[in-house]
Amino acid sequence: MLKKIYQVGIVGGVVLMLASCTAGPDNTGLEYAPQMYHSTPYEPLSQIQDKEAGTWLDSNPEDEHGEFYNSNEYNAFGMTMREPVAGTIRRGGIPNHIAPDDYETAATELTSPIEFTPDVVKEGKALYDRFCDHCHGAKGMGDGSVGKVFKGVPTYNSAAIKDQPEGHIFHVITHGKGRMGAHSSQLSVEERWKIVSYVQTLQKQ
Amino acid sequence: MITNNLSIRKATRLILSASFFLLVIFFSYTSQAQESDGIPTDESVVSAGESLFKGNCAQCHDIHEVVIGPALKDVHERRPKEWLLKWVKNSQKVIASGDEYAVALFNEYNKNVMPSYPFSDEQVTSLLAYIKVESTKEPVKAEVAAAGDAAGVAAADDSIPSSYLTAIFVVLIVVLILILVVLGLIISVLRKYLNESSELNEEDVEVVNQKFDLFGLLQSNAFIGLVIFLFTAIVLKTLIDGAFTIGVQQGYMPTQPIAFSHELHAGQYEIDCNYCHTGVRKAKSANIPSPNICMNCHSGIKNVGGASGVSPEIAKIYAAIDYNPETGEYGNNPKPIEWVRVHNLPDLAYFNHSQHVKVGGLECQTCHGPVEEMEVVYQYSTLTMGWCINCHRETDVNTKGNEYYTNLVELHEEHSKEPMKVEDIGGLECSKCHY
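Residue numbers (my numbering), protein chains in the order written: chain A, 1163 to 1367; chain B, 12 to 446.
These aren't lab readings, by the way, just hints derived from the structure by calculation.
The C-beta atom is built at its ideal place from N, Cα and C for all residues, glycine as well.
Accuracy of the hints is not assured; some may be wrong.
Said to hold, decoys possible - Pulled a few chain A residues facing chain B out of the computed Cβ check, cut under 7 Å: (1) 1167; (2) 1184; (3) 1201; (4) 1210; (5) 1235; (6) 1239; (7) 1292; (8) 1308; (9) 1320; (10) 1321.
Unchecked claim - Straight-line alpha carbon distances no greater than 25 Å define the calculated DSS-like cross-link-like pairs of lysine-lysine that follow: (11) A/1313 to B/432; (12) B/443 to B/432; (13) B/122 to A/1339; (14) A/1313 to B/443; (15) B/65 to B/122.
Input sequences plus hints: build the corresponding full structure.
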């Protein structure tokens, strides 16, 4: 009888162990062929900082760390990515030398390199819905779901804004103004001009 | 003498103000209402001011409360009209002129620049007329806060706390045991009574004194067979299920260093996924937003639900980028936020977000599930190869407005009436994803 209980216990234990292969809230679960899951080269969006990780199947003992360790110890915080050097211009970015707070020069000097055709305005609207809508509202009335809480979002057809030229709006998207932050890291130059094309239609409503 | 002088002065002031009041009433009955402070009270002027105020000022100013700029109650009494005209038309010019009040005001309100408004004198006057009328009214209770509270309560009501469920469960078990005990007592009392009454024949006695043979039942072949069958079935099912989940991280929901809620940001505040995950239409990875994107809003929003102070979770962003929310200044000691990656596609499989989202036109939710309802993000889909293949077999290629596919669609339509699926253009080829 005792032997039988013992046997049942072993089977149950195996079942439980296999069941624990399943991923849980803080557990990725058992990996099949873990070498295939973890990148040995540096990865931009995932890195393993634990030098012991994967010691049990180390294929290269000379590197003095586990198989899965892939952080760059020469970078700050062992990061695999580095911040761009100051003054870096992103690909496709057309730099201008107007100071971030010089809205007047931007208003007079900056003009769109792309023509505001109906297609461009349509693309601008799609971008506007993704990047501006939640603060400025669908029609630029400053009544977006975030704008209501953030406060201080102006309406595009208010007297201070409705006559602002395209260069001004481009400069505001690029560097921010007042409580609005800079959006140049999220939007390319071309995308910004497309948004400007749509905002110009909202100013005139 | 001095007191006399004072009382005389008071009296004259009283008379003067009384006559002035009368004058005001008199003039306000005449067609062109014009008061001593130069602010009319005409209804038409006030309503013109109201529409100007709502279209231009209400985003930053309230009559009774500080929003971004100061509360405007009685502003016409605080400052002379000429100053206000200059200020509204070009506040920066007034500050630059070195006006002490203007400079102090600018500094008090965190150097937020009030835009210049190309209003005429009449328009600013109508604004002041509206502010003057509103100043006399009682503040309307903020509905936003009340609505927010209601939402909070509703959210709390949505689910019963698990501690309640446990309590209910325990109480139920206790009640059931009590009923069992009472029933047992009733049976033994009845048996005793029937045995003592001795008016029973033999059959009855047998029925009354019958014993429930639990051990016999346990040893019956049918029972043992049933137990073995059930046990084997459960073991096999768990084994198979367990084996299938090896390498599948569906349901993985790691605790993140900052308790960022997608339900709040993407759900309640309807911020588009693209706003933060900027790589999703341009690159292989959707990208984890850098803190400068957080700060586009959290420079202003420092706590949840409009509460004052800094929320402990938002404080973690400030700590990471070495930002001082009091002064609004950045230090030079930033450190990375170590987010835990949720979706870990094995290194052997290539996946590109822009191909699926921009070209294919897929919604994020197709693969990631209802992220806008997730307080903590978890892996929604299995992300197994079978799952990929299945979708590539079933999904029509989004060829609309994409010249790249024109020839392919033509060729496809020559020999098939079905719409072009992803598998028809090589969506099942090994080397598309594995190389």
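Against the structure, the hints:
1. 1167: At about 13 Å, which exceeds the 7 Å cut-off, the nearest Cβ of chain B leaves the hint on residue 1167 of chain A violated.
2. 1184: holds (4 Å)
3. 1201: For residue 1201 of chain A, the interface hint holds, since the closest Cβ of chain B sits about 4 Å away, which is under 7 Å.
4. 1210: Because about 10 Å separates residue 1210 of chain A from the closest Cβ in chain B, which is outside the 7 Å limit, the hint is violated.
5. 1235: violated (15 Å)
6. 1239: holds (5 Å)
7. 1292: holds (4 Å)
8. 1308: holds (5 Å)
9. 1320: This hint holds: residue 1320 of chain A lies near chain B, its Cβ roughly 4 Å from the closest one there, short of 7 Å.
10. 1321: holds (5 Å)
11. A/1313 to B/432: With a Cα-Cα distance of about 47 Å, the restraint between residue 1313 of chain A and residue 432 of chain B is violated, given a limit of 25 Å.
12. B/443 to B/432: Holds, at roughly 15 Å.
13. B/122 to A/1339: holds (12 Å)
14. A/1313 to B/443: The given pair, whose Cα atoms are some 48 Å apart, is violated under the 25 Å limit.
15. B/65 to B/122: Holds, at roughly 23 Å.
Checked against the numbered hints given earlier, this structure breaks hints 1, 4, 5, 11 and 14; the rest are met.
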